[in-house]
Amino acid sequence: MTMDAKRPESPAAASLPTELLALARELRAEGVALGTAELLDAFAALQQISWEQEADFRSALGATLAKSQEDRHTFDLVYERFMLRRTALAASRDRAADARADAEEGSGAPDGRSRTVLEQLFGSEELSEGELQALRAALVQILSSAGQGPHATESQLRDLARYTVLALGAGAGSGVLGVDLQRIRRTLDLRSEDRPSLPTDDPRRHGVPRAALRRFEALLRRELEAAQIERTGALPPARALRELSRALPSSPLRDLASVQRTIAQLRRALATHSHEARGARTRAHVDIRRTMRASLQSGGVPIVLKERPQRPRRPEIYVVCDVSTSVTSASVFFLSVLHALHDAFRRIRSFLFIERVSEVTDIFEAERDFRALSERLTKHAGVADISGYTDYGRVWSQLRTMIEDDLDRRCTLIILGDARSNGRDPGSADFARLAAHAGRTFWLNPEPRLYWNYGDSVMASYEPYCIPFECWTAAQLEQVVRALARPDSALAS
Amino acid sequence: MSTSGERHAADHAPSHPAESASPTSAVEVREGLRAAGYLPAAETALVCHLALALGKPILVEGPAGVGKTELANALARMTARELIRLQCYEGLDEAKALYEWNYRKQLLRIQAEREPGWREVEGDIFTEEYLLARPLLRAIASEQPVVLLIDEIDKTDQEFEAMLLELLSDFQISIPELGRVAARTTPLVLLTSNNSRELTEALKRRCLYLWLDYPSPEHELAIIRMHTPDLDEQIARRLVEIVALVRTLDVKKPPSIAESIDWARTLLLLGASAIDRDVLTSTLSVIVKHRADLAVVGERLGLSGARPGDDDGRQAA
Ligand SMILES: Nc1ncnc2c1ncn2[C@@H]1O[C@H](COP(=O)(O)OP(=O)(O)O)[C@@H](O)[C@H]1O
Ligand SMILES: [Mg+2]
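Residue numbers (our numbering), protein chains in the order written: chain L, 1 to 493; chain B, 1 to 317.
Just so you know, the hints here were simulated from the structure itself, not pulled from any lab data. Honestly, I wouldn't trust all of these hints.
Across the chosen pairs, the derived CB separations fall in these ranges [to be verified]:
1) PRO63/B <-> GLU193/L: 37 to 43 Å
2) THR127/B <-> GLU54/L: 52 to 58 Å
3) PHE43/L <-> THR200/B: 21 to 27 Å
Quick caveat, the model's predicted, so the values are computed rather than measured. Think of the CB as a built atom: it goes at the ideal place given N, C-alpha and C, for glycine as much as any other residue.
One chain only, chain B, in its complex shape (with noise of 0.2 Å):
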């Protein structure tokens, strides 16, 4: 990490260095997830592309288990370069995410120094030597490339919003003590959002935006198929419809891609033939994890007991 002073202000552009083995299209966008075990859709191969090409951020918004945070894995392991995480929870703040300062350090520094000139001590002790760097900074500060996820923004306020703005404006940080950290290289940042909240125009505006959906039967099929390559291919078709189905029911929590795979391995495990009822029965809590929603599809499935409304003698009053 370097840090330069507000006389080097001028030159805080970030650069960009050509990176050989970056990706130059969407399709080796694809391709190189894909080696990095996440299949794209299309849609998310190709705004990869224009995030790396253009090095503006992505927000990537959609409900919990479709691969947001997945994505942003692969893309490291893709560009061979460094994850920094940041999970986002209520009452982040910029301790937590920037930086903060070393105390018991910088305490045990100013015990040390007996007869000490203040001025020589403070001098030393705002130093990059008792700074704690937090993910932002450091995916800031880093002197090759990383990519930045920037999880469940959401779940902060606006007031973090705002300063993490102002980072994808300048991608600077600056330290009132030590003057301002520029950024060497642009890290590729993702932010993620379950849409708890809706995000500021602002942010927004910085950013791609990638809506991820639950994927289409063939996608989630060939999505299982790779994670669980063991499982019977009609096994998994079978999976794939009736977890489908079941998203389509008025249950809490829909099973995502996470609870499909799940299935796949649970399946797996038990060595089924086939999703028959007893199976069915047995392993749907794997999928539906809500007593209500148990109850709701179980139901649905014709798992349990009698189905109302068939009693046909029924006489109007």
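In isolation and in its complexed conformation, chain L is listed as follows (with noise of 0.2 Å):
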């Protein structure tokens, strides 16, 4: 072991240990087994490699700390919260620094309340046109020249991540992270494809390369989560890693019993409205046309009702479930939803899709155990093409032929999914003319609703159709449940 390369002085080395030492607080906190043992290897580790490469230090500090798998990915949860808090502080102390020096410049009166000088600095303030498009024509040369030097341009990202928000974002945040990041993309307007109807000086005319800016954008993200912490002043860490550690594909059955006693809530909610439904067809079921005819037969006077021959009943919910990668984690809990609807009602039919639809309800019938049930389900085929990736359009226009004759109003459908359609076309129409066919139709989103209509999400395309919710655990569900029975909610058609 050679130690005479000593490393020069960080800036952050005075506070490693302090920061180390809450880090792995945090770490046990979530239940990672951390000795004094550890630590010190930490530090060791620390000490032979370079710290401009925050993936380097990343591994350095799994390496030595975490020690099974489900640590090490525990770890990486742990880290980056940590990370975009140590990062909003600094950045937070270094804005306040700023504005203090600046005030101190300018008016010349020290004025503690740093918050009205950022505001000053970037909030209140519109870009100038000319500033706005100066801002542009730096991104577009960035973000097209990314992916030469990878390191560098990572690094540069975040920099300009950092300076759009503050220039676009701060001060003048919404407080919803989403509605943030949508004001700024549609300041920018900046997109992948060329377009050559702008004129010729604008920066816009090029298109930037899709990853590059999909990249950006999560930086962008990042960035305001920090502005949003900074001005918050907290995050919630606990509730934070809980949530998240649901996505870990280790614990997919927990929910079981949760999900299925929420399930036949459900079945109770449903129930009340369908009797409704069905009172409203009995009237409706005399067929006046036959009705008429009969009574001419009999001098005029309707005596005998004719009612139009029962059609044999139908599936009353719908349920079309997304099994693609895109929502893995998620699709253990939509499949122990569809299983729980199995048991709780008799009219039911369902659907697997990735790129097609295939018809699952025979498989939901026959098998009863939950695990033997997933096992049937991966192995089942027709389920999707080789590629993976959701097509929704396609899924639509598909279903449309499958069900469309058979729904009616007294129908619900319910779709889980994420609604991320990999750029194809979102086949909104389609969607629309089964909605208009079902009763009332339901869209249960596995994602946070923040995340909805970010990157490749078509989710707006939807929601006119459909009554949206975010679900994906069994306490959402709960909440659906609850939002379901509320007697408004069978207006939903």
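Put the two chains together into one complex, using the hints given.
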């Protein structure tokens, strides 16, 4: 071991032990067994790497602090959260210091209320069109050259994101991350395709590589998150992690019992609803034309009420479930919801899809055991194509030929999916037709609402035709059921 | 090999001779491993660098066939060190892992001496000459630093683990009849585990931890291109895509990098110009070994029979 190659003193070095202890405390709180030996190893490891690469920093800590696959997963989550807060804190200190320096220079009034100064600097004043154009030009240039020299670009991108948020975001923040991000995106108005119709000197004429744009938006989100933490002064750590760790593929069946309980409530809620519907239907069933014809034979007096022949009873619930990779962690949850639905309702048909739809009602009816069921389903043929990419547009049009004629106003249509279309046509017209045929349409999306309509999420094209819910935990499912049980939700159609 | 008696116990600390050939940064390790025919993920290179720099063992865990064993091989090539490998199995004991007295030879020696003073013979037959050094002792006693691979440690029992722990703590082995053998050089130690059982906390505490998973598509593509540079790039891409898909299915044995490479070689041999249905059907068994798995994958890739669930005319009971 050679220790002679001492690293240059880093500004962060002084506080490193404290920081590391804080990180260790959070890790322990999340159940990672950590001793002094690990911490000493972590220190030693950090002496051996370059601190310029955040990835190396993380790897070195990961290799010394987390000693199993599960612990490593937890470590990654906690580290992410920890660094986020740390960056936010540092940034807020920087900004406060800058602002104070500026204030002292300017009015000469040393003012402790740096927040106001901050807002003056970045928030209250709109960028002039010229400044905005300059910002765009810089972004387009750097984003278009992304990919050459990965590391330099990454930190450049981060700086750009930070600057962009400062210039367009802070101060005027709405407090809702998604809204802020959307606003910044609109203002910047960068696209991946070329726009020859724009003036030649407009930087937006040339499209920006899609991957770089996505990466940049992810960084924007991170910066906004940091800004939000700074504003609210807090991040609810424990809760955030518990939510996240649900995504661990290792905890699939934990929620099964509570899902089942909740679905039983849903059955009661829907039962009330369909009673009302059935009542209306009975009255409507008198076939006026045939009754009139019959009455002509009896001298115009309608004595014999002719009833329309009853069509065979049709399923009342149609569930269509996305099992693509983008929702893998949610898929298990969805499948357990489907399973519970089949337990609770007799008239239900279910469909799984990725690129194509296939009906799995029989499988659910034949198999009561959840484990066995999931096994059979994963082996099920025709669920998807090789690509594994969801094709919502195709799914709706296929579904129309499969079930449109069977749908009527007594039917409840439930979609379980993330509405991530991989850039393909969302097919909202077909979806609208399906929803119009069904009595009510609910959409359970496993992503937090904040993420809807970002990236390739096309939730907005479906929202007008359905009642959307954010739902990927048993607790959220309970909220959904409560909402469904409210009388006004019957007006959903 | 040399041994020292108890009286030398004080200077058992392993020395760290300056190895000029040894890489001194993660980037150098990455380049070195590449040159040795192994494409490490960034984290793999970093952890190997730390192991070399800190003199700590690496515990490498991950599914079968993701390159755990090969990593040790490549590290040995990179550092131009001898690779000493201990393959673990159920029932592996110290006699096979550490050392054993060469009883046959000892017996011959005793028989050769007609009128012996026992003491004399005893002093004679318990010397290095009559000792069979097994991998762990060889690794410790080597004059030159070696790479020690303790492969599939999860196959042994906890008792063996405890012995190993002692070895990894002190880098010395005590042989009752001979005294202590202390390492003169620090071996680079890799322990691999397929995760068939939980290892003890104490052992893990000793090690740096590296989780090797199935590689990302780009990484796997690079590995495939390295092993079969003549395979058409489009085919290689497709291959990686399909393998990644099969890994998401519920199969007993998901295809590993080893299977991907085998498949690439097969396709190259067949001179396939694309992975179409026929090629897929005839070569699927290269990446999917279990019969039951074959059925699952075949169905999912649409290679067999009709798809159930498409009978639209279905009426509810
Ligand atoms: N990163 C890599 N670069 C080059 N070849 C690799 C890499 N990872 C795995 N391989 C190849 O994959 C095969 C399986 O690797 P192996 O080390 O036997 O797996 P494990 O020990 O994890 O079961 C070997 O032929 C190895 O050469
Ligand atoms: Mg192996």
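Exercise. Are PRO63/B and GLU193/L spaced within 37 to 43 Å by their CB atoms?
Worked result: holds (41 Å)
Problem set entry | Assessment of proposed distance window 52 to 58 Å (beta carbons of THR127/B, GLU54/L) | holds (56 Å)
For this session: With respect to the beta-carbon atoms only, verify the hint that PHE43/L and THR200/B lie 21 to 27 Å apart.
Result: Hint holds: Cβ distance 24 Å, inside 21 to 27 Å.
Hint compliance for this structure: no hint is broken.
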